[in-house]
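Chains A and B are the protein sequences, given in the same order. Just so it is clear: in the first sequence, position 20 is 20 by my numbering, and no numbers are missing. Just so it is clear: in the second sequence, position 74 is 74 by my numbering, and no numbers are missing.
Hints listed in this document are in silico derivations from the structure and should not be mistaken for laboratory results. Predicted model, so just to flag it, every value in this text is computed and none were measured. Some hints could be false.
All copies of an identical chain are treated as equivalent in the list; a pair is satisfied when it fits inside any one copy or across any two copies.
Unchecked claim - Quick list of in silico lysine to any residue cross-link-like pairs, SDA-like style, CA-CA up to 25 Å: (1) K303 to T184; (2) K282 to R268; (3) K272 to I2; (4) K92 to F170; (5) K269 to A304; (6) K269 to E253; (7) K49 to N69; (8) K244 to R135; (9) K188 to G117; (10) K51 to N69; (11) K329 to S305; (12) K198 to T73; (13) K198 to H187; (14) K77 to E46; (15) K77 to G183; (16) K272 to N134; (17) K328 to I262; (18) K261 to R135; (19) K251 to D64; (20) K252 to E221; (21) K188 to H299.
2 protein chains.
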Amino acid sequence: MIKILVDAMGGDNAPQATVQGCVEALENDKELYLILTGRQNEIEAELNKYKYDKKRLEIVDCPDVIDMNDIPTEAVKRKQSSLMTAYWMLKKEDDICGLVTAGSTGATIVGGQLILGRIRGIKRPALCPAIPNNRGGVTLLCDCGANAECKPVMLCQFSILASAYAEAGFGIKNPKVGLLSNGTEEHKGDPLHQETYKYLSQMQGINFVGNVEGRDIMLSECDVVVSDGFSGNVALKAMEGCGKLVLGVMKKEFTSSLSAKIGYLFARKAIKRMRSQLDFEKFGGALLLGLKKVVVKSHGSSKASTFSASIANAASIYRNGLVPAVEKKLEAIDFSTLIPEEN
Amino acid sequence: MIKILVDAMGGDNAPQATVQGCVEALENDKELYLILTGRQNEIEAELNKYKYDKKRLEIVDCPDVIDMNDIPTEAVKRKQSSLMTAYWMLKKEDDICGLVTAGSTGATIVGGQLILGRIRGIKRPALCPAIPNNRGGVTLLCDCGANAECKPVMLCQFSILASAYAEAGFGIKNPKVGLLSNGTEEHKGDPLHQETYKYLSQMQGINFVGNVEGRDIMLSECDVVVSDGFSGNVALKAMEGCGKLVLGVMKKEFTSSLSAKIGYLFARKAIKRMRSQLDFEKFGGALLLGLKKVVVKSHGSSKASTFSASIANAASIYRNGLVPAVEKKLEAIDFSTLIPEEN
C-alpha cells in the first residue's frame, strides 16, 4: 500500500479535475491509497459522480484554500488550508509517502521548506519538470523557479537531486548533466555559472558533460540540465510559449481551407502524435526535489488526466527510492571541501 | 544611394551564401550599394555565377578571416580580416551606413565596441533579434547574448534601444516594453531585476508594462522584452530548440504512413505557412544596438535568402533613422538622476 496525500483544492480546475484524477489514479494502481485534503462537501459532491474503491480513499476536511494570489510566506501559516494540512500530515505520519498538489507553486515551495523540511545537507529545494526531448524521452530541468537567486553550491546540489530523479523516475543510468549557460565554452556565463562549472567538473558521482545552451534542453544528449531558478524558469516558459504558439498555428492552419481540412483528416494520427510530443504535462508535473518526502507540483491548469499522471509519478518515484538515492549520493560528496563556505 | 558593408567571409556558408545574398539584395533594392570585404578571388568566383549591377558593388580584398573558434578580444586586433576591415571602414567613412555579417557573434560585439564605438551615453551594446509571435508580428528580445552580466542601468538602456528599433524597424508606435522575469508580479526576480523594475517604472519615454515571463516573448501583447544577456540568450535558444524539435517531428510524422503523406499533400500550403511562422531568421538577423551605425548580425548558418533579408533590414533601419531616434530618446532621460551611479 502506497499512501499519497492529495491537495484536492489546488489548481484552476479543482476540485473537479483533482477528484477525477484521483479516481483515475486509484483505478490504474491497485496499491495506491489516497488521502484528499479540502472541503469535504465539495469533494464528496465530485466523488459521487464516479465509482471508486472507497476503502482506498479518505478525506480530511479543511475549510481553507490557498490561492494563486496569496503570499507564500503568509499562506504557510494557514494550518487549516488543504495544502498546509497535507504538509503537516506528510511531516508527522511515517506511513505517508508523498504529496501531490496543483496549487500555488510559491506556497508549495515554502510549505515544503518550512513544514516538511529538507534532506539533511541540502541547502534549498528545487523545482524540476521533465521536458520532452527530440529523443522521444525527457530532459530534467533543475531548478526552474524555486530559487531566483543561487549560489554555486546550490547548483551543484541540483545536479545530484536531478540525477537521482533521472534514475528513479525514468530509469536513466548515469544521466548526462549539462550546465545551462549562454554558450557551450567553459568560460561562458556570469561568475555564478563560471564558478559552478569549475565545481561540477570536480564533483564525484555525477556525469557532467559541460555547458549547454537553451536549445540543448530539447535537442541534446543531456538527461539533466542544471540551472539557476531564474534562467531555468525563463527557459521552461519560453519553450512552453513556443509549443503553445505552434499548437495555435496548427489549429488555425488546418482549418484555413478545405484542402487543409482534408489534409488534417488523413494526417490526424500523425498530428496527434505531434501534439503529444509537445505535451509538457504528460510526464506528471514538476518534482520539488530536496525535501524529506516526494512532493509533486502538478500544473495549475491540470486536467484530470494530468493530475492522475502526477499521482502516478509520485507513487513511482517513491517505489524507486528517490529520497534514499539522494541521501546515498550526498554521503559520497564532501561539499565543504569541494566548495568554499561563502559559495 | 545607401552604402552597406558586407562581411563576405563570415558564417558557415560563406562566401557562397553571402555573395548570393548580396546579388539578391541588389536586385530587390535599386538604391543599395554594397561593399564586400573578404578574399577577392573567392568572392569574384562566386559573383561570376550571377548577373548583377556591377556599378553598385565593390570588393575590398582582405586576406584574413575570423572564425567561430577565435577569441573575440584577440580577433579584434586582426585588421586585415574581413570583419575588422569592415568595422574600420564603417568608422572612418561617413557615407557608409551600416554593416552586415554572419560571422562570429563575439567578434562582432567586440569589434562594434572597440572599433566603431557606442552612441554617446550608452553603456553597452546589446544583441536584439526579432522573434515571431502569435500576433503574426515580432517581439524584440534585448539583450540576448552580448552581456552575460548586467546592471540595472544597462537593462534600462536596452529598453530604449529596442523601443527605437521597434519603431524604426517595424513601425510599431509606442511599443509595449516588458521585463523578462520568473513571474509577472513586481517582486519577482533577483535583485538585478527587482531594481530594474523600479527604474523602468519611473522612466519617461518608454511604455513599460511590467514583468513578463518566458512564454510572453511569443504569446503576449509585448513588442519589446528587455532581458539580461544571459537569460535572454537562454530564452532565445530554448525557443529555437523547441521550434527545431517541432519541425523535426513534423517531418518525421508526415512521412510516417501513407495516410500522413496524403494528408501532407493536401495541407502542404498550410504546413508551409506553419514553418514560416516558426522561422526565426525571416526578419533579417539580430541587430547589435547601441552602436554609432547600424550593425546587423545574421545567423551563422544563414542561407542566401536569410542574408539578403539581413541586408534589406540594415538598409530599412538606416532609412528610418534608428540611430538618430535612439539619440533623441536618450536626450530626454537623465540616467544619472534616475539611477544611482553604482547601478
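Hint-by-hint comparison with the structure:
1. For the homomeric pair K303 and T184, the shortest alpha-carbon distance between copies (24 Å) is at most 25 Å, but the shortest distance inside one copy (38 Å) is not.
2. Proximity of K282 to R268 under the C-alpha cut-off of 25 Å is restricted to the intra-copy arrangement: shortest distance 19 Å within a copy versus 29 Å between copies.
3. With identical chains, the CA atoms of K272 and I2 are never at most 25 Å apart, being 33 Å at best within one copy and 50 Å at best between copies.
4. For a Cα distance limit of 25 Å, the shortest separation of K92 from F170 qualifies neither inside one copy, at 29 Å, nor across copies, at 60 Å.
5. In this assembly of identical chains, K269 and A304 lie within 25 Å of each other by CA distance solely inside one copy; the values are 23 Å within and 36 Å between copies.
6. Taking the shortest alpha-carbon separations for K269 and E253, both the intra-copy value of 17 Å and the inter-copy value of 9 Å come in at or below 25 Å.
7. Taking identical chains as interchangeable, the C-alpha atoms of K49 and N69 are never at most 25 Å apart, the minima being 30 Å within one chain and 64 Å between chains.
8. In this homomeric assembly, K244 and R135 come within 25 Å of each other (Cα to Cα) both inside a single copy, at 20 Å, and across copies, at 13 Å.
9. Proximity of K188 to G117 under the C-alpha cut-off of 25 Å is restricted to the inter-copy arrangement: shortest distance 24 Å between copies versus 34 Å within a copy.
10. In the homo-oligomer, the alpha carbons of K51 and N69 never lie at most 25 Å apart, since the shortest distance is 34 Å inside one protomer and 64 Å across protomers.
11. Taking the closest pair of Cα atoms, K329 and S305 never come within 25 Å of each other, the shortest separation being 33 Å inside a single copy and 52 Å across copies.
12. Proximity of K198 and T73 under a CA criterion of 25 Å is satisfied inter-copy only: 23 Å between copies versus 34 Å inside one chain copy.
13. For a Cα distance limit of 25 Å, the shortest separation of K198 from H187 inside one copy, 10 Å, qualifies, whereas the shortest one across copies, 31 Å, does not.
14. For the homomeric pair K77 and E46, neither the shortest alpha-carbon distance inside one copy (28 Å) nor that between copies (72 Å) is at most 25 Å.
15. In this homomeric assembly, K77 and G183 come within 25 Å of each other (Cα to Cα) only across copies, at 23 Å, whereas the closest approach inside a single copy is 42 Å.
16. Taking the closest pair of Cα atoms, K272 and N134 come within 25 Å of each other both inside a single copy (16 Å) and across two copies (21 Å).
17. Taking the shortest Cα distances, K328 and I262 never come within 25 Å of each other, neither inside one copy (56 Å) nor across copies (54 Å).
18. Taking CA atoms no more than 25 Å apart as the test, K261 paired with R135 passes between copies only; the shortest distance there is 22 Å, against 30 Å inside one copy.
19. Taking the shortest alpha-carbon separations for K251 and D64, neither the intra-copy value of 39 Å nor the inter-copy value of 50 Å comes in at or below 25 Å.
20. For the identical chains of this complex, K252 and E221 are inter-copy neighbours only, at 19 Å across copies versus 33 Å inside a copy, given an alpha-carbon limit of 25 Å.
21. In this assembly of identical chains, the alpha carbons of K188 and H299 lie at most 25 Å apart only when taken from different copies (19 Å versus 33 Å within one copy).
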